[in-house]
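*Asks:* Here is what each chain is made of, one letter per residue.
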Amino acid sequence: MKEMKFNKFYFIFLGLMILSLFLLQVTEAEAQNSCLECHRELEDGLRAPVEAFKNDIHQKFGLTCVSCHGGNEKEDDLESAKDSSFKGTPGRKQIPAFCGDCHQDSDYIRKYNPSLRIDQLGLYWTSQHGKLLKKGDIKVAVCIDCHGSHGILEASHPKSLVFPWNLPSMCGRCHSDKEYMREYSIPITQEKDYRESVHARALFEKKDLSAAVCNDCHGNHGAMPPGVSAIAFVCHQCHPSASELFSQSPHKEAFGEMGISECEACHENHRILPPRDEMLGTGEESVCLNCHEQGSKGFEVSSLYRNRIESFKNKIKKMEEILETAERKGVEVSESKFDLREAQNLLVMVRNLTHSLNVDDFEKKINEGEEILSSVQEKGEKALNEAKFRKRGLIIATIFIFLLATAIFLKIKKIEKKIER
Amino acid sequence: MRMKKIGRVIYSHLDQRLRLSSLIEMAKKKKVPEHKFSFWYYFGGICLFLFFIQVVTGIMLALYYKPTVDGAYESVKFIMGEVRFGWLIRSFHSWTANILIGTIFIHMFSTFFLKAYRNPRELTWVSGFLLLLIFLAFGFSGYLLPWNELSFFATRVGTDIAGTIPLIGKQLKNFILGGPDVSEFTLQRFFWFHVIVLPLITVFVLGLHILLVQILGMSKPIGLKEKQIKEVPFFPNFILKDSLGWILILSLIGILCVFFPWEIGKKADMFSPTPLGIKPEWYFIFMFTTLKLIPSHVFTIKGEVLAIVGFIFGALLWMLVPYLDRRASREKKSPFFSIAGLIILLYIILITLYTYLHPRL
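Quick mapping for you: the protein sequence lines, in order, are chains A and B. Throughout, my numbering is defined as the position within the first sequence, counted from one, plus 133. Throughout, my numbering is defined as the position within the second sequence, counted from one, plus 1.
Hints in this document: simulated from the structure, not taken from any laboratory. Please note: incorrect hints may appear among the correct ones.
[As the list claims (entries may be wrong)] Listed below are several chain B residues computed to face chain A (Cβ distance under 10 Å; list not exhaustive):
#1 Gly82
#2 Leu124
#3 Phe260
#4 Trp319
Note that the Cβ used here is the ideal one computed from N, Cα and C, for glycine as well.
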């Protein structure tokens, strides 16, 4: 019994020891950051960093207030805490250098994230924002405007201000603000236009994170509007095929001579709508008519493109209907559907070929597609005939079975009557 | 006249060697009872007829079918699209398979409620029950053969259930699949099982079943008075009525094949996740849903294991019903067994309907 009592006492004692050690540890850890202790007690603006910093990427790497602001967080006394190393809060003009202090230091960055680039500050000074800041314009965007200050998240975090689907709103905070942008004499419709574009549709509706957002065309830290000659190169990054075809076309030279930006001339810039066949031809929406008058060669080619594409599309639609009908009637048409998909792929290629203005290539491809469609049509009609044949066969078989069943039934009745007699 | 003469010569030749006239004479003399429940007796003959359709269409399908992961789906597609009347043969095989199992269930329950299993027909009942199990195995193995998404995952789900059988589950699952998961080995195994093993077993069990029916004759329902039952010749009376049922069902299957040819579906992708709401064939649904609805633990026993053991014991009791129903063997009505059978039948119907009405179950 004595031994048992001793054991109980021993465990209670050990438990209390561990608890007090834990409490001591917590108190000590808290006491080590006097910045947080004081700021927690201050009014809203000065208290906000304490809460925001909890989720900050820097905090996750073990950095603390003094890592950026300097000072001595181990000192409780305000004056001792704000020692000679204390930098305080930088002004807007100082912020790029304040952040760049660490972010351009390869030795320092390598310790935490070796793959992180260290050229942000250099790029920033080449940007329109950086150039204006150097001239003393503190209204332009600095690091904290895009990344936040004490709640900075990784760029790949969906809640980060610079995550693709947050970026248009983030840039639009300034660029769509009429009052804010008044003195810069640049349009303020970029965000609105972008939201109507094919890129925005891919990003927001299809959740395609590879769709272009502001920084993909303008750059991020070195953000600048691309010049007239540079637009084609910017688009080329994601649309190499159309871009190469365009380079082979007579438009390349003509646009260059006229000083027209290549892709933008027909597709616009921020409001890049999904390409439509109506952009070709001689209708109201035709972009060709912006330069080519009736009777000109360009007018004729545009008209030819449109007519051929429309006719090809109609044939595809007709084939789809035939195959759907045959399938609904129970005939196996998966091979033909596969061929039809091939024709649909050719339609995409044919549309792309209009960028080269090479009518021969265009005709060759469209003829290839029409050959496939002819074979699909043949198979589709065969499938429809097969469906008819099956129904006819069923009717004949059913009539035969019905006659046979009637004959058997009559025979049974005859036999039964015979037995009754 | 000439043709008639040739026919007579051939018949005479065969008759001398096969004693055909004595067989015909026997069939003419053979009498079967006819009464107000006779309708249900024709389902046995329909089952036999549907089995022959399966044999013929199955042999035809085997001409083009390839039991490999790369070839199975494509060969079925080829049969449906390219082979002349391939669509009809395959649809006939698939529709008949389902109708056959449905007909076997009808035949079994009608035999049960009419107590046709009673003395001396216990072995007829047991062999019939074994035939049900064989045809369920036919259905299960044949379902995988087109190697489409639905059949692939249903087989996976089905064999997972087999894997939970206490003591032998893991080994049994491994044996059925030819490995830990559904693969080409499974496909080859199922094909071999479907076209060689099961048909051989069927020939013996079905032969025994028919032989017993011939030896013992058809049972007369309990409680019917002599004047309520009349004896009719097996040939031609009964056989004519039987054949009327056969051609009507043949016509029904033909209509189903033309208007609803059996689909091929999407080719199975072994690496894709199991699609939502995957279910086995309708005749396994009542077991599948029971396993889903049973609580994870009943007292301290795992619910799934309890249900499996319950099904095995239930099937065993069902097979031994002729030996348990002593009242029926004394030609007395046995309402306890009738009510139990009715509850089981209602359970199977209701739980199957419930599953199809709740696709996200």
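*Asks:* Hints first: check each against the structure and report whether it holds.
*Replies:* Taking the hints in turn, this is what the structure says about them:
Taken as an interface hint, Gly82 of chain B checks out: its beta carbon lies about 4 Å from the nearest beta carbon of chain A, inside 10 Å. With a cut of 10 Å, the hint placing Leu124 of chain B at the interface with chain A is violated, because the nearest CB-to-CB distance is about 32 Å. A distance limit of 10 Å between C-beta atoms decides the matter here; for Phe260 of chain B the minimum to chain A is near 7 Å, and the interface restraint holds. The beta carbon of Trp319 of chain B comes no nearer than 35 Å to any beta carbon in chain A, farther than 10 Å, and the hint placing it at the interface is violated.
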